[in-house]
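Trainee: Here are the chains, one letter per residue:
2 protein chains.
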Amino acid sequence: MADLLLRNIRPMGAAPADILIRGGRIKEIGSGLNAPGVITEDGAGAIAIPGLVEAHTHLDKTTWGMSWYRGRKGGTLRDLIDNEREARIPLGLDVHRQSMRHAVALIASGTSHIRSHVDVDTDHRLTLLEGKLKTREALRGLVDIQIVAFPQSGLVVRPGTYELLDAALSDGADIVGGLDPSSMDRDPKGSLDAVFALAEKHGKPVDIHLHEPGELGAFTMELILERTAALGMQGKVGVSHAFHLAMVHPDRTTELLARIAELDVSIYSTGHPSAAIPSLKAMRAAGVHVGIGCDGIRDTWGPWGQPDMLHRARVVGMKNGLRRDDELEMLLDTASGAGAASIGVHGHALEQGAAADITLVAGETLAHAVVLEDPRPLVIKGGVVVARSGIAVIQAP
Amino acid sequence: MADLLLRNIRPMGAAPADILIRGGRIKEIGSGLNAPGVITEDGAGAIAIPGLVEAHTHLDKTTWGMSWYRGRKGGTLRDLIDNEREARIPLGLDVHRQSMRHAVALIASGTSHIRSHVDVDTDHRLTLLEGKLKTREALRGLVDIQIVAFPQSGLVVRPGTYELLDAALSDGADIVGGLDPSSMDRDPKGSLDAVFALAEKHGKPVDIHLHEPGELGAFTMELILERTAALGMQGKVGVSHAFHLAMVHPDRTTELLARIAELDVSIYSTGHPSAAIPSLKAMRAAGVHVGIGCDGIRDTWGPWGQPDMLHRARVVGMKNGLRRDDELEMLLDTASGAGAASIGVHGHALEQGAAADITLVAGETLAHAVVLEDPRPLVIKGGVVVARSGIAVIQAP
Numbered sequence: 001m002a003d004l005l006l007r008n009i010r011p012m013g014a015a016p017a018d019i020l021i022r023g024g025r026i027k028e029i030g031s032g033l034n035a036p037g038v039i040t041e042d043g044a045g046a047i048a049i050p051g052l053v054e055a056h057t058h059l060d061k062t063t064w065g066m067s068w069y070r071g072r073k074g075g076t077l078r079d080l081i082d083n084e085r086e087a088r089i090p091l092g093l094d095v096h097r098q099s100m101r102h103a104v105a106l107i108a109s110g111t112s113h114i115r116s117h118v119d120v121d122t123d124h125r126l127t128l129l130e131g132k133l134k135t136r137e138a139l140r141g142l143v144d145i146q147i148v149a150f151p152q153s154g155l156v157v158r159p160g161t162y163e164l165l166d167a168a169l170s171d172g173a174d175i176v177g178g179l180d181p182s183s184m185d186r187d188p189k190g191s192l193d194a195v196f197a198l199a200e201k202h203g204k205p206v207d208i209h210l211h212e213p214g215e216l217g218a219f220t221m222e223l224i225l226e227r228t229a230a231l232g233m234q235g236k237v238g239v240s241h242a243f244h245l246a247m248v249h250p251d252r253t254t255e256l257l258a259r260i261a262e263l264d265v266s267i268y269s270t271g272h273p274s275a276a277i278p279s280l281k282a283m284r285a286a287g288v289h290v291g292i293g294c295d296g297i298r299d300t301w302g303p304w305g306q307p308d309m310l311h312r313a314r315v316v317g318m319k320n321g322l323r324r325d326d327e328l329e330m331l332l333d334t335a336s337g338a339g340a341a342s343i344g345v346h347g348h349a350l351e352q353g354a355a356a357d358i359t360l361v362a363g364e365t366l367a368h369a370v371v372l373e374d375p376r377p378l379v380i381k382g383g384v385v386v387a388r389s390g391i392a393v394i395q396a397p
Numbered sequence: 398m399a400d401l402l403l404r405n406i407r408p409m410g411a412a413p414a415d416i417l418i419r420g421g422r423i424k425e426i427g428s429g430l431n432a433p434g435v436i437t438e439d440g441a442g443a444i445a446i447p448g449l450v451e452a453h454t455h456l457d458k459t460t461w462g463m464s465w466y467r468g469r470k471g472g473t474l475r476d477l478i479d480n481e482r483e484a485r486i487p488l489g490l491d492v493h494r495q496s497m498r499h500a501v502a503l504i505a506s507g508t509s510h511i512r513s514h515v516d517v518d519t520d521h522r523l524t525l526l527e528g529k530l531k532t533r534e535a536l537r538g539l540v541d542i543q544i545v546a547f548p549q550s551g552l553v554v555r556p557g558t559y560e561l562l563d564a565a566l567s568d569g570a571d572i573v574g575g576l577d578p579s580s581m582d583r584d585p586k587g588s589l590d591a592v593f594a595l596a597e598k599h600g601k602p603v604d605i606h607l608h609e610p611g612e613l614g615a616f617t618m619e620l621i622l623e624r625t626a627a628l629g630m631q632g633k634v635g636v637s638h639a640f641h642l643a644m645v646h647p648d649r650t651t652e653l654l655a656r657i658a659e660l661d662v663s664i665y666s667t668g669h670p671s672a673a674i675p676s677l678k679a680m681r682a683a684g685v686h687v688g689i690g691c692d693g694i695r696d697t698w699g700p701w702g703q704p705d706m707l708h709r710a711r712v713v714g715m716k717n718g719l720r721r722d723d724e725l726e727m728l729l730d731t732a733s734g735a736g737a738a739s740i741g742v743h744g745h746a747l748e749q750g751a752a753a754d755i756t757l758v759a760g761e762t763l764a765h766a767v768v769l770e771d772p773r774p775l776v777i778k779g780g781v782v783v784a785r786s787g788i789a790v791i792q793a794p
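First to last, the sequence lines map onto chains L and U.
If you read the first sequence in the numbering used here, its first letter stands for residue 1, the second for the next number, and so on.
If you read the second sequence in the numbering used here, its first letter stands for residue 398, the second for the next number, and so on.
No lab work stands behind these hints, which were simulated from the structure alone.
Any given hint could turn out to be false.
As the list claims (entries may be wrong) - Derived pair list, reagent style SDA-like, types lysine to any residue, alpha-carbon separation capped at 20 Å:
hint	chain 1	residue 1	chain 2	residue 2
1	L	Lys281	U	Leu622
2	L	Lys73	U	Gly557
3	L	Lys73	U	Glu726
4	L	Lys73	U	Thr473
5	U	Lys678	L	Gly74
6	L	Lys73	U	Ala682
7	U	Lys470	L	Asp325
8	U	Lys470	L	Ser279
9	L	Lys73	L	Glu86
10	L	Lys281	U	Ser671
11	L	Lys73	U	Lys678
12	U	Lys586	U	Pro556
13	L	Lys73	U	Thr762
14	L	Lys204	L	Ala229
15	U	Lys470	L	Asp3
16	L	Lys73	U	Lys531
17	L	Lys281	U	Thr473
18	U	Lys531	U	Gly699
19	U	Lys424	U	Gly699
20	L	Lys281	U	Gly472
21	U	Lys470	L	Glu327
22	U	Lys470	L	Lys73
23	U	Lys678	L	Ser274
24	U	Lys678	L	Ser279
25	U	Lys586	U	Gly557
26	U	Lys470	L	Ser274
27	L	Lys73	U	Ala679
28	U	Lys424	U	Gly434
29	U	Lys424	U	Ala411
30	L	Lys281	U	Gly699
31	U	Lys678	L	Glu329
32	U	Lys470	L	Glu329
33	L	Lys281	U	Gly471
34	U	Lys601	U	Ser676
35	U	Lys470	L	Gly74
36	L	Lys27	L	Asp3
37	U	Lys586	U	Lys531
To be verified - So, partial list: chain L residues that the calculated Cβ filter (under 8 Å) puts toward chain U:
hint	residue
38	Arg72
39	Phe243
40	Arg298
Glycine included, C-beta positions come from ideal geometry on N, C-alpha and C.
All chains, full assembly: derive it from the sequences and hints.
Mentor: Structure, rendered in structure tokens:
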């Protein structure tokens with residue numbers, strides 16, 4: 001396990017200090033530390049934060065590093081899903097290669113933890129999972145990757161998917177995924193019962209994409225909360241997007257947020273620029289664990305995005321109308337320490353005993369760091385330097 | 398006037414060609430052009446587009462290149478305005494220096510035309526205008542700057558402002574500005590009569606910030622349209638933001654857009670990430686001249702933004718939910734050729750006889766060029782190279 005003396009950094013923007021890492025964990029934070037024989041890195045006064053956390057993405061989908069894809073379509077969610085499922089093979093979207101490109105770019109931009117959904121469907125079966133498991137293995141020690149087995153094309157509506165999800169969870173997927181139990185699966189009870197049955201069987205957490213609007217989404221959220229309580233799954237359930245929280249009556253949102261916080265259900269927001277999104281400030285004020293994610297990056301769905309959590313933090317911050325320094329600090333926390341807690345990684349902080357996952361960022365203050373587009377000077381994972389000046393120590397294929 | 402032979406570029410993403418520029422204008426576009434004795438630039442196969450157009454910004458407000466500003470506030474529009482007016486002097490916000498920094502960065506990123514509002518108020522009187530006129534002069538030939546005399550702190554509600562606007566228009570401001578005649582000035586008739594009286598007196602166009610929501614904004618828009626028709630000001634009136642077009646009943650929006658198009662009133666959108674915004678596709682389909690703008694960049698109001706019209710195009714595109722290649726091409730046109738028409742600059746195109754304002758962009762196709770964050774390889778204004786690899790030929794103070 002790695003030892004490292006990181007000198008002359010500003011922990012969370014505070015006065016310059018050194019961080020001594022022993023065995024991949026933070027041993028001491030202080031001034032003028034000495035550790036004879038230990039490799040030393042000079043942080044040149046840069047701000048240090050806990051590694052950035054990507055709480056919702058799809059590493060198997062990106063066209064990053066490939067030729068420009070001209071076949072994007074408009075239409076309904078179902079149209080976009082079908083276009084993707086049919087385009088993968090003709091396009092040559094190799095999951096291992098593409099997820100490596102995406103993940104290595106995230107390492108280079110200072111990400112220490114990634115939660116990624118992988119499509120499981122009756123066309124591709126477990127082939128996409130296999131490519132992503134290979135990526136997780138190839139990047140072990142450089143970034144932690146959680147894999148959600150995700151029924152992108154539907155679960156109840158696509159017979160055979162349940163068995164594939166079951167197999168995916170046996171084969172190494174960490175989390176049971178779900179998708180719009182009402183609007184997509186047409187059977188909220190059946191869909192959620194299936195998802196939670198898989199979670200119980202495998203003893204694994206749940207993460208459900210919930211795009212459903214207004215009161216429909218609120219109803220489905222109630223069903224999720226009921227199952228979380230009944231099965232004692234507090235702290236093991238996450239809901240992605242949750243647009244409905246921005247669409248129902250404000251009193252209803254307040255009630256739902258209180259219950260979401262009480263049951264320790266996490267919400268993952270991508271700050272979707274063209275949809276209604278739940279208020280980051282309201283969720284945090286209610287005590288909800290919130291993470292942010294880039295979602296898909298330049299995939300068959302859409303052309304947008306960068307594999308950089310500070311880029312996504314800016315999208316989320318602009319969408320939420322954040323302006324003040326304290327708001328930007330809260331945003332940065334959501335992209336690092338608090339974001340980690342939302343995906344079940346606790347104690348992700350610059351403090352003694354914590355894993356030495358540390359990212360140096362440009363800027364005078366934490367707030368300034370959020371808006372600057374500069375590359376990250378240094379990225380450390382478990383005490384090992386994994387990227388320098390925006391370039392990862394490992395190359396993607 | 399400049400002559401230049403620009404070789405090996407792809408006009409609007411088409412097959413490689415050369416562009417011969419004589420006297421600052423496009424003389425010929427074709428293959429294998431020769432012009433002995435004329436300076437030659439090799440475009441290396443990059444896509445060429447007409448220079449980018451910044452249709453709505455505030456060059457006098459940015460803190461770009463200064464220390465991080467920690468004093469941003471929340472609150473109402475009025476709170477933000479007051480915070481800015483009171484912060485300018487203590488902050489040392491020198492208008493000439495800051496507007497130079499902002500404008501030079503826009504040149505570096507390929508902008509050929511800028512419409513910038515300058516605050517005119519009874520505290521600062523015409524001092525901000527003076528700084529900006531100096532910038533316009535310093536950058537003559539490198540970028541065209543239109544200056545709007547803008548009553549940021551109100552017109553009718555702030556006695557003395559009318560006379561200052563009158564003086565600003567005599568002193569070199571090009572356009573009469575206005576701000577929320579109802580919600581800010583509390584007297585829509587009085588405010589608009591004053592704005593249009595100044596326009597008539599000076600024979601200059603009008604550009605009104607209209608943030609007013611819903612039916613209030615629609616009412617104010619009607620008053621603007623009535624005056625446009627009555628005074629024969631077709632083609633000389635622009636409205637910025639126009640959030641109301643996204644807030645009233647869709648049928649009402651359709652009616653308003655038809656009338657806006659008929660009277661040749663332009664709409665300028667910043668794709669405001671946290672507000673309702675008029676649909677770019679709906680406005681273009683209705684035949685409205687639309688331009689896009691970055692609005693303020695890292696100013697006392699907010700921390701966001703980059704002085705780069707492709708960055709803003711991405712913000713506008715994401716906000717509008719654009720995905721397909723044809724949609725991205727429409728977006729790029731709104732940031733260049735069509736955007737120019739919206740601020741009264743017609744014939745901004747890669748065609749014989751047009752001004753040789755040409756920007757080379759990275760990417761395989763026009764759509765690809767919109768999403769890439771790469772610097773612009775070459776920027777040409779009036780046949781002269783004004784930036785190369787993202788760096789302008791002139792340095793800002």
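Trainee: I'd like to know which numbered hints this structure contradicts. Please list them from smallest to largest.
Mentor: Of the numbered hints, 1, 2, 4, 15, 16, 18, 19, 22, 24, 26, 31, 34, 35, 37, 39 do not hold.
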